[in-house]
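Chains as they are written, first to last, in the numbering used here: chain Y, 1 to 347; chain P, 1 to 347; chain D, 1 to 347.
By construction, these hints were calculated from the structure, which means they are not laboratory data.
For every residue, glycine included, the Cβ atom is placed at its ideal position computed from N, Cα and C.
To give an idea of the interface, some chain Y residues facing chain D are shown, with a C-beta separation under 8 Å as derived from the structure:
id	residue
1	Leu171
2	Val208
3	Pro209
4	Leu247
5	Thr331
These stretches of chain P come out as covered by chain Y in the derived footprint (C-beta under 8 Å, 3 or more residues):
id	region
6	148-159
7	208-215
8	326-334
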Amino acid sequence: MVDARFYVNRGPFSAGALAELTGAELVHGAPTLALVDVAPLDEAEPAHISFFDNTRYRPQFQKSRAGACFVRRKFAAEAPPGMALLLTEDPYRAYALAAQQFYPVAQKRVATQIAPSAVIDASATLGDGVVVAPGVVIGARVTIGAGTHIGANSVIGDGVEIGEDCQIAALVGLSHCLIGHRVILHRGVQIGQDGFGFALGRGGHVKVPQLGRVRVEDDVEIGANTTIDRGTGPDTVIGTGSKIDNLVQIGHNVQVGAHAVLVALCGISGSVRIGSGAIIGGQAGVVGHITIGAGARIAAQSGVGQDIPAGTSYGGTPAVPIRNWHRQSFTLAKLAKTDRGAHDNDD
Amino acid sequence: MVDARFYVNRGPFSAGALAELTGAELVHGAPTLALVDVAPLDEAEPAHISFFDNTRYRPQFQKSRAGACFVRRKFAAEAPPGMALLLTEDPYRAYALAAQQFYPVAQKRVATQIAPSAVIDASATLGDGVVVAPGVVIGARVTIGAGTHIGANSVIGDGVEIGEDCQIAALVGLSHCLIGHRVILHRGVQIGQDGFGFALGRGGHVKVPQLGRVRVEDDVEIGANTTIDRGTGPDTVIGTGSKIDNLVQIGHNVQVGAHAVLVALCGISGSVRIGSGAIIGGQAGVVGHITIGAGARIAAQSGVGQDIPAGTSYGGTPAVPIRNWHRQSFTLAKLAKTDRGAHDNDD
Amino acid sequence: MVDARFYVNRGPFSAGALAELTGAELVHGAPTLALVDVAPLDEAEPAHISFFDNTRYRPQFQKSRAGACFVRRKFAAEAPPGMALLLTEDPYRAYALAAQQFYPVAQKRVATQIAPSAVIDASATLGDGVVVAPGVVIGARVTIGAGTHIGANSVIGDGVEIGEDCQIAALVGLSHCLIGHRVILHRGVQIGQDGFGFALGRGGHVKVPQLGRVRVEDDVEIGANTTIDRGTGPDTVIGTGSKIDNLVQIGHNVQVGAHAVLVALCGISGSVRIGSGAIIGGQAGVVGHITIGAGARIAAQSGVGQDIPAGTSYGGTPAVPIRNWHRQSFTLAKLAKTDRGAHDNDD
Numbered sequence: 001m002v003d004a005r006f007y008v009n010r011g012p013f014s015a016g017a018l019a020e021l022t023g024a025e026l027v028h029g030a031p032t033l034a035l036v037d038v039a040p041l042d043e044a045e046p047a048h049i050s051f052f053d054n055t056r057y058r059p060q061f062q063k064s065r066a067g068a069c070f071v072r073r074k075f076a077a078e079a080p081p082g083m084a085l086l087l088t089e090d091p092y093r094a095y096a097l098a099a100q101q102f103y104p105v106a107q108k109r110v111a112t113q114i115a116p117s118a119v120i121d122a123s124a125t126l127g128d129g130v131v132v133a134p135g136v137v138i139g140a141r142v143t144i145g146a147g148t149h150i151g152a153n154s155v156i157g158d159g160v161e162i163g164e165d166c167q168i169a170a171l172v173g174l175s176h177c178l179i180g181h182r183v184i185l186h187r188g189v190q191i192g193q194d195g196f197g198f199a200l201g202r203g204g205h206v207k208v209p210q211l212g213r214v215r216v217e218d219d220v221e222i223g224a225n226t227t228i229d230r231g232t233g234p235d236t237v238i239g240t241g242s243k244i245d246n247l248v249q250i251g252h253n254v255q256v257g258a259h260a261v262l263v264a265l266c267g268i269s270g271s272v273r274i275g276s277g278a279i280i281g282g283q284a285g286v287v288g289h290i291t292i293g294a295g296a297r298i299a300a301q302s303g304v305g306q307d308i309p310a311g312t313s314y315g316g317t318p319a320v321p322i323r324n325w326h327r328q329s330f331t332l333a334k335l336a337k338t339d340r341g342a343h344d345n346d347d
Numbered sequence: 001m002v003d004a005r006f007y008v009n010r011g012p013f014s015a016g017a018l019a020e021l022t023g024a025e026l027v028h029g030a031p032t033l034a035l036v037d038v039a040p041l042d043e044a045e046p047a048h049i050s051f052f053d054n055t056r057y058r059p060q061f062q063k064s065r066a067g068a069c070f071v072r073r074k075f076a077a078e079a080p081p082g083m084a085l086l087l088t089e090d091p092y093r094a095y096a097l098a099a100q101q102f103y104p105v106a107q108k109r110v111a112t113q114i115a116p117s118a119v120i121d122a123s124a125t126l127g128d129g130v131v132v133a134p135g136v137v138i139g140a141r142v143t144i145g146a147g148t149h150i151g152a153n154s155v156i157g158d159g160v161e162i163g164e165d166c167q168i169a170a171l172v173g174l175s176h177c178l179i180g181h182r183v184i185l186h187r188g189v190q191i192g193q194d195g196f197g198f199a200l201g202r203g204g205h206v207k208v209p210q211l212g213r214v215r216v217e218d219d220v221e222i223g224a225n226t227t228i229d230r231g232t233g234p235d236t237v238i239g240t241g242s243k244i245d246n247l248v249q250i251g252h253n254v255q256v257g258a259h260a261v262l263v264a265l266c267g268i269s270g271s272v273r274i275g276s277g278a279i280i281g282g283q284a285g286v287v288g289h290i291t292i293g294a295g296a297r298i299a300a301q302s303g304v305g306q307d308i309p310a311g312t313s314y315g316g317t318p319a320v321p322i323r324n325w326h327r328q329s330f331t332l333a334k335l336a337k338t339d340r341g342a343h344d345n346d347d
Numbered sequence: 001m002v003d004a005r006f007y008v009n010r011g012p013f014s015a016g017a018l019a020e021l022t023g024a025e026l027v028h029g030a031p032t033l034a035l036v037d038v039a040p041l042d043e044a045e046p047a048h049i050s051f052f053d054n055t056r057y058r059p060q061f062q063k064s065r066a067g068a069c070f071v072r073r074k075f076a077a078e079a080p081p082g083m084a085l086l087l088t089e090d091p092y093r094a095y096a097l098a099a100q101q102f103y104p105v106a107q108k109r110v111a112t113q114i115a116p117s118a119v120i121d122a123s124a125t126l127g128d129g130v131v132v133a134p135g136v137v138i139g140a141r142v143t144i145g146a147g148t149h150i151g152a153n154s155v156i157g158d159g160v161e162i163g164e165d166c167q168i169a170a171l172v173g174l175s176h177c178l179i180g181h182r183v184i185l186h187r188g189v190q191i192g193q194d195g196f197g198f199a200l201g202r203g204g205h206v207k208v209p210q211l212g213r214v215r216v217e218d219d220v221e222i223g224a225n226t227t228i229d230r231g232t233g234p235d236t237v238i239g240t241g242s243k244i245d246n247l248v249q250i251g252h253n254v255q256v257g258a259h260a261v262l263v264a265l266c267g268i269s270g271s272v273r274i275g276s277g278a279i280i281g282g283q284a285g286v287v288g289h290i291t292i293g294a295g296a297r298i299a300a301q302s303g304v305g306q307d308i309p310a311g312t313s314y315g316g317t318p319a320v321p322i323r324n325w326h327r328q329s330f331t332l333a334k335l336a337k338t339d340r341g342a343h344d345n346d347d
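So here's chain Y without its partners, still in its complex pose (with noise of 0.2 Å):
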């Protein structure tokens, strides 16, 4: 199904192997059936395996020709006859992993290579199986660790550090700082430059040393075109397993927990903590100095200016508790009646 152009499939998989890798109990099917590819319910075929996750598939599953199909118990009853089921309480977790053993997303361990154009300073020290990419520029004193791929024409500043298996994609950017294990990082993504730091004045701004650097843990990715500024003399810190989108803007001192969740296009201003765990929707906004408590979700676009509590959901600008955003919309919808949101043409 997919382009063979761009990607290569390391299949078969068997049923049995499937459910043994995400703990899956296979039922309706025999362990040995062998599956050729992952595809979505209404265009798998019976070599093929797929999950229902979102009840709104629920159609496409009783359905599919799925020859197998990972799903939770509760739905069992309802797969077409013939169909081998995978039950387990997370099917969309366990089709990433499946989905990965036939297209890997970690990066496999090559010999070393190092393009000839790439431009390297004597003083670096690059791991085993480096694998460096044309154009690439890499600093004095720098350290890369063995597995990790840097992309075509990408630049290392001075002295950062970089772990093993890391997938640095092509045009990122790097200075002051130090990167964790298998770290991705999409194509222009910007790493330790200065934070934006003056003292304002009315006869010109003046700029103040950032001395500080960026601390990237392990097995963070981070999306394209996103920046990330150094500290002011304290790090940036963007703890591990944390997932960024494409164009986000993180400030100085900005410490981020493990595992949390940014959307695309969002904010995060100079010296805010943000919780394990907490997930802040696209184009949100965090004014400096605040803390987004663990597990906390902001609704996209929110404009957050003050604390929040851990495991609270706050949308809205300024941001309250969602609850209280939804009941002010609905207010104001009422009040101005406009709440039967009739839809004007007018163009």
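Fit chains P and D to the known structure of chain Y by using the hints.
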């Protein structure tokens, strides 16, 4: 008027030729009138051609020294004496076409030029008249159509297909994508990277392999540092003739119809469908899996959370029909007794 | 304190020298006191100099071990015994100047260095002490002033002029622009590409040639991945000493006055005028053709749709005087009976 370091004027052109090119009716002027440049109404001289479209500029029209002017028939009587008039119902469009004669925006075919420092995989196929600037890196099995130019230090990943007469600027990164003909990609555009797909979980987020592509159809233009993620299995599609501004984020599986307009810093979440001719304002956000109808207009900074009918205008967060949004703003100002809009000086 | 891989300390400096440099009055301390580094109040040791500006940090000031401290006269009596005091009415600015002595932000003139892999057109003119990093591409007739550094893989288009002592980081793209002296452009900045100019039409949008330039005046600093479009005929102008953060979009013909501040992810539409000293908050948006007066302040995420008088503060979408905006938020919360700000835990 223009800076000769940056622009070459291909004129002069005769009033008759420009009338014919644009379908305008030439009155009050000789077809042989030589016009040497374009200029705005208030700067134009007798050998220049201008246009009058926005009635805000009526005084400038009435006093303009322009030798010729595109204008609607109903304003012809207000023209200053001696001005050649090119009557048309769309003066701005006619002006745009005329200005393109003086300063072509389409690329002229030239002889093939491949910079010595470009690194091009032996399996790539380049058409006639392809121009590859210094530092470009082109991967395996890439195909580039005749007349396409690739700007300095851009990186084209394995298997990418680019059509004819495209203008790929410097520092662009492409992977997992198929680009049509006459496409313009400005500097820093990133197309085809992984979408933001994770099976979220408290113990860590599992990456979902992204197995689709991005298809950019003919005559699309995409602004600087904009990012477009590839599909998860289906493709992300940008329809014919659509125009996307700078710093826009487009998520996986988004389908943009023909001739849509997306203004700077807007964010389109995964699996959104945008109908043909729709206009998405600057910094607007659209949540995943919804449909914006053909010809719909979304005001700047709106937050769209539900399907938008074709041909309608919406604004606000959450977005409502634009008149309702205005009424809500008015109502709130009135209730807060702030409707006089008095200016506070608190600096 | 700082990471020696990234920063070189130029100290020590004497308390007397730092007082003289900053115009502060030295009391309770010997002019010969040697200070070896800068540090925040709570981390400073006896050989360090710190500052006390924000009264939130009063307890840290009263207990600090710093050997010297910039402080306002009125807080001098609260200093711990033995601390040398440098009295000034702007402690943060004085600190910034002192920190620049230890860690210079201006570039030192060095001997010319041109990396062998840079591709420089024979018609380009480079001043004394220009440093061109690997992979840089410089077009025809470019001029670069003395002491300017160009970072790796940056691309400078034909005819561009850059002044003296500029810091152009890696991966920057410039065309159709004139850059002043001592300008700092961070990585991924794109300046001078076509503005978003189209004559819109149902059958297709016609591109309007963009015939102006971008002029960036002296002492401007522009953040990572920010984009500035060139003018349509007039120029886009960024005034002397203005500071622009990361991921900002500035449209064609925008004129920014001197010493303005534009925070991350804000978007300025075409032909806007921003007065000197104005501050535009993060993620704020400004519609086209309006004027923001000198010294005006626009709150983060505001949507500005009309002229803003000089010296005022505005907020909200649509933006109103900041007190009115606060009153509207308060009124709405009250009407919706959500004003207690109770926290919902719904996770």
